[in-house]
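Protein chains: 2
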Amino acid sequence: MSTTIKMIAHKLSLSVATVSKALADSHEISKETKLLVSNAAQEMGYVRNPYASSLRKGRSKTIAIVIPEIADSFFAEAINGIEEVALLQGYHVLIYLTHESLLREQAILQDFRSGRVDGILMSVSEETNDTEHIKTLMESQVPVVFFDRVCEELNTTCVVTDDFESSFIATNHLISKGCSKIAFMGNSINLAINRNRVNGYIEALKQNGLSDYQNVVICGKDKEISQQIFADLLSGPERPDGMILSVEKLSAMLYQICEDMMIDIPSQLKVLTFTNFNMAQFLSPSLTTVKQPAFQMGKVAATALLRKLSFNNTLAEPETVILPSVITFRKSTS
Amino acid sequence: MSTTIKMIAHKLSLSVATVSKALADSHEISKETKLLVSNAAQEMGYVRNPYASSLRKGRSKTIAIVIPEIADSFFAEAINGIEEVALLQGYHVLIYLTHESLLREQAILQDFRSGRVDGILMSVSEETNDTEHIKTLMESQVPVVFFDRVCEELNTTCVVTDDFESSFIATNHLISKGCSKIAFMGNSINLAINRNRVNGYIEALKQNGLSDYQNVVICGKDKEISQQIFADLLSGPERPDGMILSVEKLSAMLYQICEDMMIDIPSQLKVLTFTNFNMAQFLSPSLTTVKQPAFQMGKVAATALLRKLSFNNTLAEPETVILPSVITFRKSTS
Numbered sequence: 001m002s003t004t005i006k007m008i009a010h011k012l013s014l015s016v017a018t019v020s021k022a023l024a025d026s027h028e029i030s031k032e033t034k035l036l037v038s039n040a041a042q043e044m045g046y047v048r049n050p051y052a053s054s055l056r057k058g059r060s061k062t063i064a065i066v067i068p069e070i071a072d073s074f075f076a077e078a079i080n081g082i083e084e085v086a087l088l089q090g091y092h093v094l095i096y097l098t099h100e101s102l103l104r105e106q107a108i109l110q111d112f113r114s115g116r117v118d119g120i121l122m123s124v125s126e127e128t129n130d131t132e133h134i135k136t137l138m139e140s141q142v143p144v145v146f147f148d149r150v151c152e153e154l155n156t157t158c159v160v161t162d163d164f165e166s167s168f169i170a171t172n173h174l175i176s177k178g179c180s181k182i183a184f185m186g187n188s189i190n191l192a193i194n195r196n197r198v199n200g201y202i203e204a205l206k207q208n209g210l211s212d213y214q215n216v217v218i219c220g221k222d223k224e225i226s227q228q229i230f231a232d233l234l235s236g237p238e239r240p241d242g243m244i245l246s247v248e249k250l251s252a253m254l255y256q257i258c259e260d261m262m263i264d265i266p267s268q269l270k271v272l273t274f275t276n277f278n279m280a281q282f283l284s285p286s287l288t289t290v291k292q293p294a295f296q297m298g299k300v301a302a303t304a305l306l307r308k309l310s311f312n313n314t315l316a317e318p319e320t321v322i323l324p325s326v327i328t329f330r331k332s333t334s
Numbered sequence: 001m002s003t004t005i006k007m008i009a010h011k012l013s014l015s016v017a018t019v020s021k022a023l024a025d026s027h028e029i030s031k032e033t034k035l036l037v038s039n040a041a042q043e044m045g046y047v048r049n050p051y052a053s054s055l056r057k058g059r060s061k062t063i064a065i066v067i068p069e070i071a072d073s074f075f076a077e078a079i080n081g082i083e084e085v086a087l088l089q090g091y092h093v094l095i096y097l098t099h100e101s102l103l104r105e106q107a108i109l110q111d112f113r114s115g116r117v118d119g120i121l122m123s124v125s126e127e128t129n130d131t132e133h134i135k136t137l138m139e140s141q142v143p144v145v146f147f148d149r150v151c152e153e154l155n156t157t158c159v160v161t162d163d164f165e166s167s168f169i170a171t172n173h174l175i176s177k178g179c180s181k182i183a184f185m186g187n188s189i190n191l192a193i194n195r196n197r198v199n200g201y202i203e204a205l206k207q208n209g210l211s212d213y214q215n216v217v218i219c220g221k222d223k224e225i226s227q228q229i230f231a232d233l234l235s236g237p238e239r240p241d242g243m244i245l246s247v248e249k250l251s252a253m254l255y256q257i258c259e260d261m262m263i264d265i266p267s268q269l270k271v272l273t274f275t276n277f278n279m280a281q282f283l284s285p286s287l288t289t290v291k292q293p294a295f296q297m298g299k300v301a302a303t304a305l306l307r308k309l310s311f312n313n314t315l316a317e318p319e320t321v322i323l324p325s326v327i328t329f330r331k332s333t334s
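Protein sequence lines correspond, in order, to chains E and C.
All letters in the first sequence, in the order written, are residues 1 to 334 by the UniProt record's numbering.
All letters in the second sequence, in the order written, are residues 1 to 334 by the UniProt record's numbering.
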């Protein structure tokens, strides 16, 4: 038998109305009661029926996640964090993929203007150097919250990690392990997240007097082009002895190329990746990683969006939430 | 500048109307012309605006993918296959996650009855032992195509892999490597895919006279319970010397438990996983895998659904498409 609001009310000795309002994040209910109800609901496996709820209110009770791709453990974890928050408040969650295309992103956002969703959680595409489509949507009273790949110039909540600092620490770590020719492999410079990581890398090189070999490489979304870029870099006269991979999927590519070219990691090349990949420690060699708090970022972003929806879009102050990443040192940089 | 229908028409010396109809998969246009137009559209990077198109036709031009979870490389690849087909025909794709909950799956399908989407691609949850919600949706003229985790009793297109055969071959491989106590670690027996794999495993044991140690273990969706099941099994008196993991995420769990319990893979335990994970070869030890043709399965399923939509749901014959998996032998079973 599935858990009902009545069962939660009975367990907590609260009225059905109070539990219902608490689950809907009503301002009439105290923070403490909301927490109590939310914990009991989670424990008892309560699942709200968003359909019934949307019929009552005449709203879509749906939020959308717009992200560049799905084959990335950061986004998979972030989605789980978003859904944990949204489902408990009775929201449907739709996921849309832009496949790193600005055109696609524009078409998706245009579709939202028809009222399909109440609000949006977004991580922009590599190509997004123009934000008119996002501004237009926000002006039509559909709130947008950014996470990870944010547009800093737009006036809304952004949930990010300490990209400058973690890249700075990562670069210093490679230098401390003896690297003097460190390459930074990233994606589009349109992205604030990439610019921040690049700046952390450059600052660390500067402070260590290693700016002569400043090598920021943009790989882009095409797999074959990226492979060629790696192969050229690793067979060229100025081969790096350290690499920072800013994109998870580059790890498999680099491990393969090093095997093919018989380049030993870590004795000939030290490697560090920004990734949430849960098998990094079991790779051969085990991979040094910068892990973003993806699940937490998803929860924080979803909470901010639902708050905008339950109060009023115009009341919420724009803010930037910065959550710390975790660096784990393993054999690939030893 | 973005590619327009006019530019494609000009390049192919066709009329704008012909190109437009070909892209909409109109029955007025020949197969050859459709292929020509589709290839040119892909080459020239044409992206259709589904919004404009849906305004003209008064349809949502949206299909939904309903899957249990996102943190699985099979589903990530299958989604990419689905989107490749759908986007070219101007469809929006929405992704919904059931988190292995039947209640959640029912709520999502109920929502679809409001006309939010034109058709559904679906892989059912572990808990789905009742298909009333799917039948009801199909009866309301929303076509459903299953892939991977199918409901064999429902009268529609199913896209699957050769689960019995690949599990049979996998079990025989472990036996040929000297294993005599092979455990099969799967998820819910509600799922046809799991039953087929279990049957392949049992048949191989039988043919080799090893049925005394027939050990099918259901891990379920709770991570901690699964960890306990693994730990109990590996510390018990009847410890297996071979394991087939039917679920990708069990691999990381098992590698961790073996490290903690100081059980060596492969000398003390041989391991094989059903997974599409692209770093299996770089694990320590490298992992023997059964890889499903996920991208292709997605393409085939989406093509079948769009065909149902462009003709008429009632005209399309139900069929089961079986695509072969690929087994790659690596050190974890050597």
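It cannot be assumed that every hint is accurate.
Any copy will do: because identical chains look the same in the list, a pair fits if it lies in one copy or spans two.
Restricting the straight-line Cα-Cα distance to at most 30 angstroms, the calculated cross-link-like pairs of lysine-lysine (DSSO-like) are [stated by the list, open to error]:
1. Lys331 <-> Lys308
2. Lys331 <-> Lys34
3. Lys11 <-> Lys181
4. Lys135 <-> Lys331
5. Lys221 <-> Lys11
6. Lys135 <-> Lys181
7. Lys223 <-> Lys34
8. Lys249 <-> Lys299
No wet-lab data here; the hints were simulated from the structure.
Going down the list of hints, with the structure as the test:
In this assembly of identical chains, the alpha carbons of Lys331 and Lys308 never lie at most 30 angstroms apart, being 45 angstroms within a copy and 52 angstroms across copies at closest. Within a single copy, Lys331 and Lys34 get their C-alpha atoms no closer than 45 angstroms, and across copies no closer than 52 angstroms, so neither meets the 30 angstroms cut-off. Taking CA atoms no more than 30 angstroms apart as the test, Lys11 paired with Lys181 passes in neither setting, with 63 angstroms inside one copy and 47 angstroms between copies. Taking the shortest alpha-carbon separations for Lys135 and Lys331, neither the intra-copy value of 45 angstroms nor the inter-copy value of 53 angstroms comes in at or below 30 angstroms.
Only between protomers do Lys221 and Lys11 lie at most 30 angstroms apart by alpha-carbon distance; the minimum there is 26 angstroms, versus 52 angstroms within a single protomer. Proximity of Lys135 and Lys181 under a CA criterion of 30 angstroms is satisfied in neither setting, with 41 angstroms inside one chain copy and 62 angstroms between copies. With identical chains, the CA atoms of Lys223 and Lys34 are at most 30 angstroms apart between copies only, with a shortest distance of 27 angstroms across copies and 47 angstroms within one. In this assembly of identical chains, Lys249 and Lys299 lie within 30 angstroms of each other by CA distance both inside one copy and across copies; the values are 24 angstroms within and 22 angstroms between.
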